[in-house]
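Starting from the known structure of chain A, fit chains B and C onto it as the hints suggest.
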Amino acid sequence: MDITETLAIPIPEQLDSPAVPDQADLDLTTVGDFTVPDPRMKIRDVNVFYGQKQAIFDVNLDIGSNSVVAMIGPSGCGKTTLLRCLNRMNDTIDGCRVEGRVEMDDKNVYDRKMDPVLLRARVGMVFQKPNPFPKSIFDNVAYGPRIHGLVRDRTDLEEIVHTSLERAGLLDEVKDRMDQPGTGLSGGQQQRLCIARAIAVSPEVILMDEPCSALDPIATARIEELIGELRKNFSIVIVTHSMQQAARVSQRTAYFHLGYLVEVGSTKDIFTTPKHQLTEEYITGRFG
Amino acid sequence: MNPTKQIVSGLARRQRAEKRFRLYGLTAVVLGMAFLLLLFGSIVANGYKAFTQTYIELPIYFDPAVIDPSSERDHQTLFSADYWKLVKTAVYQKFPQASGRKERRELTRMVSEGSAYELRDQVLENPRLIGTTQHIWLAADDDIDMLMKGYIDRNVPEDERRLNDRIIGYVDSMREVDAIERRFNTTFFAAGDSREPEQAGILGALMGSFLTLIVTLLLSFPIGVAAAVYLEEFAPRNRFIDLIEININNLAAVPSIIFGLLGLAIFINWFGMPRSTPVVGGLVLGLMTLPTIIIASRVSIQSVPPSIKEAALGVGASRMQAMFHHVLPIATPGMLTGTIIGMARALGETAPLLMIGMVAFIVDPPGGFTEPATALPVQIFLWSDSPERGFTERTSAAILVLLVFLIAMNAAAVYLRERVTKRF
Amino acid sequence: MSPLFLIFLLLALSSAAYFFSQRRMLRQVRNANVARLSSLPEHFGMLGAIWAGAPALLVYFVWLIFEGDILMAQVLAILPDPESMAATRELLIGDIRNAINNPMSYQMANEEVRMAADRYQELSQTATLALTATCLSVFAICSALVLKFLTPQVRARVRVEKIIRGFLLLCSTLAIFTTVGIVLSVLFEASRFFQTVSVIEFLFGLEWSPQMAIREDQVGSSGAFGAVPLFAGTLLISFIAMLVAAPIGLMSAIYLSEYAPAKIRAAVKPMLEILAGVPTVVYGFFAAITVGPALRGFGQSIGLDVASESALAAGFVMGVMIIPFVSSISDDVITAVPQAMRDGSLGMGATNSETMRRVILPAALPGIIGGLLLAISRAIGETMIVVMAAGLSANLTANPLEAVTTVTVQIVTLLVGDQEFDSPKTLAAFALGLTLFFVTLVLNFIALYVVRKYREQYE
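First to last, the protein sequences are chains A, B and C. One point on numbering: in the working numbering, the residue at position 268 of the first sequence is 265, and numbering is uninterrupted. Counting from 1 along the second sequence, just add 1 to a position and that's the residue number in the working numbering. Counting from 1 along the third sequence, just add 87 to a position and that's the residue number in the working numbering.
You may find that some hints are simply not true.
Listed below are the simulated SDA-like cross-link pairs for lysine to any residue, each with C-alpha atoms no more than 20 Å apart in a straight line [as the list claims (entries may be wrong)]:
1. 104/A x 3/B
2. 150/B x 180/B
3. 20/B x 109/A
4. 229/A x 33/A
5. 6/B x 111/A
6. 310/B x 237/B
7. 95/B x 134/B
8. 110/A x 10/B
9. 6/B x 113/A
10. 249/C x 223/B
11. 265/A x 240/A
12. 86/B x 70/B
13. 310/B x 252/C
14. 249/C x 346/B
15. 89/B x 110/B
16. 356/C x 346/B
17. 356/C x 412/C
18. 272/A x 33/A
19. 172/A x 216/A
20. 356/C x 235/B
21. 272/A x 27/A
22. 350/C x 419/C
23. 103/B x 160/B
24. 6/B x 105/A
25. 20/B x 445/C
26. 132/A x 439/C
27. 265/A x 211/A
28. 249/C x 317/B
29. 356/C x 408/B
30. 512/C x 269/B
31. 265/A x 244/A
32. 110/A x 19/B
33. 235/C x 107/C
No lab work stands behind these hints, which were simulated from the structure alone.
Chain A extracted, bound-state conformation:
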């Protein structure tokens, strides 16, 4: 295969090792309780491989209903990889293999009978870089309802588009120019458009892969505010590089290191009284 083509497929995170303190006494078994009452999704003993290379090791984690879980950790710790397992977006990457179970309603999403199309409609995703389609704002939001056949007529469709934009806090800014291309919006608006697009199909879970990393602080604040709103209706998993962001938006935090889930617990506990040495060092900024 042509080398440029290989590079065109984004491998979610570089797999190079970060600076690791005290290699010798690393204990990478998960500290803290990974379960929650009434979980929306359950990750059980998941291992992920890119070809020969293992990226995720025996991870167990519950995604709670109507709450935000933040995944943090240094680059290359596998948090984006794990996120993409939840709606099987890893299927689109050549050579990626997932072992273990990811359950939703007690059914393994990696089951043969499970249709990724349905799964992805129920588990929506917002990407690192805003990626509106080169279509009008209206058509961007209407895309999901249209392909999934959720609407019978134009009125239905307009209603869904309006509610979604409203819930994404974008309606007021774009209601006069719904037929303009979505790519003409500012970065923050584009990202909110992508969120509107994701919620237009009424998913149960929304995955967010560093949704603010390409945005300025003001736009970031708006998105964070929006996440707080969305939590009332959706379960949210967010991958973030910013510990402050994790602290601000999430109820639970999971800290990953080199593909291992090192520590998980309530966000407050993780940031005030981390139990694992690695978590503490990361939080206090010793490496990362």
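Coordinates of chains B and C only, in the frame set by chain A:
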């Protein structure tokens, strides 16, 4: 209504649409491959037999009375003797049952007319043959060749096929005593064009193509690389350079026949260069290949990491030195790849050569750049027009030879490209 | 001394000039005539070599370009009666050349030709001597100038680089010269054609029969040059070609880029490249020998009358030829659509085909249209397939089962073979060439523009 249920209700239909779409794609690929197979299959099926040729064994008596009545062994006498008579005598002796003018003429037509030259060359090389009788394998006429290769259907009524029952009888009788057989067709590789299929070969066309490509290469490679270097490194950003770039991109897509018109009007009619020659053909193909080489070379120069040039400039090299000492050596394999691909295209090009008269019927392989010549693809075109089955077969065989060259060149280009890709 | 030897001698002398100039500068520095050199010794060497050698080489090449013709003219001039010796001057020259180059032809040639050949050889020897003398004296004069003007104060590197730069610029302008050459040659000959036939008649006339009659009273003695049937035939064949190439090329690009496993992709792509590298004359042969008769046979079996040189056969094979072109351009264009678009759509739960049809293809549309335009331009300009598999007689029809002729076929038919150059018949070929050049130029221009705009959008 629950959205999940709505989605589920449409899933089956959507998955069918997905499968259909995928099937269309697969069909397209399969069709493409099928065409490729059909193309190659039909050419191989038509042509592989042309690599053999039917020969007939005849006891030739090198009659001194015919060849050299005065026994002086004078070159000129030996050269211009009537060797065809020797062949005739030998065939008459072999089939004494044939009598009458018509039947005897049929007999002699079984042997290629080129046999006379074959015998002449043997005598010139070894005059001691004169006076002896030798069993010599001579090329059969193309009709006999076709019969031996199974292209002539014996079940067709006699007056509708090219060979009558009598001749088929002769052939069968020779077959029984192994006096006729198919051998590797050296003539095909060692001779120039001919009106007779059994004497026609591709040597002249190959030589013509070779000479033409040399001119093409000499013109387009240095100039192409120089232009690419200039445009990538030294060209100021202005209207004139934009004009050059637009021209290069457009020339790359101008139909090749237009380049032929250019060659005809400028090189032949205006400069008065000789028609039908490799030098004009090479110039025309060179101009045609130039854009390809410029574009490939520019891509190749662009792919050299800028840090290399910056490093050279940083230690005080001039831009010219940085370019020639550091960037060009790294870009060379890429440029060569583009050049080989351009040359391969030039080798297969026919239309412009028709325009500049390289379609003439030329028997002798060209000895120089300014001698009338033809090229391999043009030879293919010429032969494809001939009605004889023997030429159809040779056309396919010539195509196979051409394709072997092209595939070899492309493989070399791919190999070079792979090596470059590995380094960066 | 042969001319080939002379060029090596001149090159050797130039290299000597290179080393000499280099040494001389170093010596002058050592003798403390000057504090330091303005450039590297190599640059002085190169400048010395260029100054000394380039003029002589220029003389050499110009001389060789004209030598043959001049000598031949002189040889013909001494022949007592050149007209009686061969049908045309060209044939006579050919005979003489053969006699010169080939001992066997020499022996078989007649007395006059042998004499001419001998005379040519003599003249040629003298000419080579003269050439040698001229080149060497030019070299000597230039070397003397080098001695006088090449001093350590000369900024040799700057000069050398300027000369090289000039040479590089000259090479890049060749593209312009080529275009100008094409335009001028075609335009000039076409304008002579339009002096006899009006532009209107050419562009809108419905009758094409360029055969000029030999006798005055023959039917259609003036020839008819209405090119509409050719344009129609070209369009018909190109249209059939695109009907084959566009869907197959596009769909296989989609399949290969989105569905095919890496292994199949790695196997199929080179095969498509092979299909693209097959010379057009091969496709022409395929069309004429295999596809044409097959279609005819098939037509007969279902009761249709298919011409053996039908537009369908030529168009179909041309389509096959263009498949890899369409496929590779579509592949480029489709892969240029950012992966984020795919992720966005797939992440919503769209299937691959929905993603392709609703997001990728609309985004890639300008690029694909540009690619198809380039493919059409290629189909219109394609020559060998139609020369070998399409008809010769102009036939204004839209029925793909009949034989039609095309612009390129007519250009080839009009120009191949011996004919005087000034007849409207040959000039008509240039008028057709002009039309072809103009149409493909416009198509290419639009296509390249669209594709470039498209690329910029995603860069």
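Each hint, compared with the structure:
| no. | hint | result |
| --- | --- | --- |
| 1 | 104/A x 3/B | holds, 19 Å |
| 2 | 150/B x 180/B | holds, 16 Å |
| 3 | 20/B x 109/A | holds, 17 Å |
| 4 | 229/A x 33/A | holds, 17 Å |
| 5 | 6/B x 111/A | holds, 14 Å |
| 6 | 310/B x 237/B | holds, 18 Å |
| 7 | 95/B x 134/B | holds, 13 Å |
| 8 | 110/A x 10/B | holds, 15 Å |
| 9 | 6/B x 113/A | holds, 15 Å |
| 10 | 249/C x 223/B | holds, 18 Å |
| 11 | 265/A x 240/A | holds, 12 Å |
| 12 | 86/B x 70/B | holds, 14 Å |
| 13 | 310/B x 252/C | holds, 18 Å |
| 14 | 249/C x 346/B | violated, 35 Å |
| 15 | 89/B x 110/B | holds, 9 Å |
| 16 | 356/C x 346/B | holds, 18 Å |
| 17 | 356/C x 412/C | holds, 12 Å |
| 18 | 272/A x 33/A | holds, 19 Å |
| 19 | 172/A x 216/A | holds, 19 Å |
| 20 | 356/C x 235/B | violated, 36 Å |
| 21 | 272/A x 27/A | holds, 10 Å |
| 22 | 350/C x 419/C | holds, 19 Å |
| 23 | 103/B x 160/B | holds, 16 Å |
| 24 | 6/B x 105/A | holds, 19 Å |
| 25 | 20/B x 445/C | holds, 16 Å |
| 26 | 132/A x 439/C | holds, 18 Å |
| 27 | 265/A x 211/A | violated, 26 Å |
| 28 | 249/C x 317/B | holds, 18 Å |
| 29 | 356/C x 408/B | holds, 15 Å |
| 30 | 512/C x 269/B | holds, 18 Å |
| 31 | 265/A x 244/A | holds, 7 Å |
| 32 | 110/A x 19/B | holds, 17 Å |
| 33 | 235/C x 107/C | holds, 14 Å |
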